[in-house]
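Please put together the full structure from these sequences, using the hints given.
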Amino acid sequence: ENCGHISISAPIVRLGDPVTASCTVSQSCSYLEPEPRILWKLGAELLQHKGRQQTQPDGSQESIITLPSLNSTHTFLLCYLNWSNSLQLLDQVELWAGHPPAMPYNLSCLMNLMSNSLICQWEPGPDTHLPTNFTLKSFKSRGDCQTKEDPIKDCVPADGQSYCSIPRKHLILYQNMVIWVQAENALGTSQSPQLCLDPMDVVKLEPPTLLAVDPHPEVALPQPDCLWLRWEPWKPSLYMDQKCELRYRPQLQGASWAQVGPLPSRTVRYELCELRPATAYALQMRCIRALLPGQWSSWSPSLELQTT
Amino acid sequence: ENCGHISISAPIVRLGDPVTASCTVSQSCSYLEPEPRILWKLGAELLQHKGRQQTQPDGSQESIITLPSLNSTHTFLLCYLNWSNSLQLLDQVELWAGHPPAMPYNLSCLMNLMSNSLICQWEPGPDTHLPTNFTLKSFKSRGDCQTKEDPIKDCVPADGQSYCSIPRKHLILYQNMVIWVQAENALGTSQSPQLCLDPMDVVKLEPPTLLAVDPHPEVALPQPDCLWLRWEPWKPSLYMDQKCELRYRPQLQGASWAQVGPLPSRTVRYELCELRPATAYALQMRCIRALLPGQWSSWSPSLELQTT
Amino acid sequence: PLDPASPPSLPLPRSFVLKCLEQARRAQAEAVAMQEKLCAMHKLCHPEELALLGHSLGIPWAHLRSCSSQDLQLASCLRQLQAGLLLYQGLLQALAGVSPELSPTVDTLQLDVADFATTVWQQMEELGVAPATQPMQGIMPTFTSAFQRQAGGVLVASHLQSFLELAYRTLRYLTGP
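Residue numbers (my numbering), protein chains in the order written: chain P, 39 to 346; chain V, 39 to 346; chain L, 893 to 1069.
Simulated from the structure, these hints should not be mistaken for laboratory data.
The structure displayed is predicted, hence computed values, not measured ones.
Among the hints, a few may not be true.
Here are the simulated DSS-like pairs of lysine-lysine, each with C-alpha atoms no more than 30 Å apart in a straight line [what the hints assert, rightly or not]: (1) K242(P) / K929(L); (2) K79(V) / K935(L); (3) K242(P) / K207(P); (4) K281(P) / K242(P); (5) K935(L) / K273(P); (6) K207(P) / K929(L); (7) K79(V) / K929(L); (8) K929(L) / K273(P); (9) K88(V) / K935(L); (10) K207(P) / K191(P); (11) K191(V) / K207(V); (12) K242(V) / K273(V).
Pairwise CB distance ranges (calculated) [said to hold, decoys possible]: (13) M152(V) / A48(P): 40 to 48 Å; (14) P300(P) / C931(L): 35 to 43 Å; (15) P205(P) / E928(L): 21 to 29 Å; (16) K273(P) / T58(V): 43 to 51 Å; (17) S146(P) / H955(L): 42 to 50 Å; (18) D188(P) / M152(V): 44 to 52 Å.
Glycine included, each C-beta is placed from N, C-alpha and C at the ideal position.
Put into structure tokens, the structure is as follows:
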């Protein structure tokens, strides 16, 4: 036998929107005096004289309350009765207030050659104060993404994360695909602008490895203003045609970088001359996919060499 | 159409045992001359004149070979044919040799109050050279484990691990249970001696926390040969009656521990006197379940105090 | 050797050829990795010793006869390239479950071969030389033992490498001087 029950216009509203609720106390709740007074609390605060109470045709008592503007993002609305001099809680509902999701933005993706997956990240936008689900959606396409081909399985990020990883088996490499982020909560849905990309055009390239090589064995006295080195491309990207840039600077206060390029992505021996004799140099290299779209790798860690 | 097939007495034998195998070349293997010569390899070694070859009633050729003593723990037996002047591989089988599992020993268990699980570890015994599965088996019992009640779910350790953790939901605390380890591989099974224990009698107790307290506020000049401290038991073991021991020694070369006990597992203030004035002391405490079986906790980290 | 002086008449977009070159190199590297793993794990290191087994299992080869330097017919060369890639995708699929350690390599190679076939097929459609329907993969061999699947893996990887090498040389020629 259910003494009291709250029904509510909507448990989730926009911050500042009104909420209307009713609490009905059934007549069969026999422990009571004839016309029990129904009281309301919002969280811990007793809402004095806020409920309009009336007797229903079936003899039950109903109190209706309107909160003009719900300003806390998460609270409870409680319905009480006075019963032998104590406040008795009959029912309680949780109330949430927040915002519909804003448009996610800054969506960007990188193809990871180690995990062979496409990792996309985005900015979720301001806090909605409500449980909001983000889903990375995509479909296969062709050409410049005007046609929509097979849909790709939704990528659902781990809780609270703003990135998602689409596994290799859901991708077609060397073909364009359309990607966007959808945000959804109880108050609405929004979508980020769409990206049109071929995963292989957004490969996250790692820098090559710089290695010292001995000066020419035959040459007794190596030229004092030269350095010799070699480099190897990052192994997982061996199959990609790449061009690279070398930058170097003396280890002196305020020295700036000098740069050489384009260079091939692999050499067994490279001679760098017209340097300061007897000086320590830092050398770094970065590479990018040649002839096809791509992004520069970061600069490699420094290789430190000393001219004689 | 299957040209050649090896059948073997047993792919897994005891180290040093013989192995017999036959390779049958079907007549329907149409590319062949009438009586093709069958050759054998063990690993990379060609077994000259080891196979006895004969024609079967159905016209197929069969070569039988016996390796008197298989001494490598893992190798391949290969059946070849000479075909248009090249050795052609028809079939290959993997051979393992090793030992049946020895009896696991040194089985011991500790009840972890943080994870609320019984963690048992053991010595697996010598390497069998074969994939060997260890399983922690147990059943609920009563009294001194003479009776066998409900079996408990097998606990299978992670690969290569010699410990396993029985979760709380499979345990009845304050009741005896029987536990043992079973080892099994292709050559046999063995079991460790059985333990009869109540998980709560093998609780892994953590030491209490020692804390300094100020000398008596009212006393202007604290006694030079005393120290004041207090201690609190390890939180997860608060409900257990415990008795403790305190040990202390001056921070001097070669000093040995002096010990006080039994002490209660909690005090708000303890005075330790008859010490050397103006000396730094290291103090440690350990506790054990009182009145019921248990094991000493390790000694707590040192509390360093200085007499005045 | 291919005569670089005179690439064929069909207007092949440069990006298409460059992508195909990269896809060929990528698949070749994975086929080599597959062979190395089969050699390390199962001691099957000599494809030449498995020719008879290949015959008996009925493992088909793909050819690129129209891609030969003397008489390059581009449309049918593209068709043979695409059909060959589809064949090897099917063969790799038939090898599914060859062994847990090898599955990731075989799965990735199969996906890359399939994507390479898609790249070629779409270009054929855009050039208007694609047949009405995609060619069928044909009957795939059935492997009845772990050894046959492993040996089949060595043969497929080895055949695929030769096929990709020939495709690569043709594509190289198509990029012109």
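Next item on the list: Find the hints from earlier in the document that the structure breaks and name them by number, from lowest to highest.
Entry: The structure breaks none of the hints.
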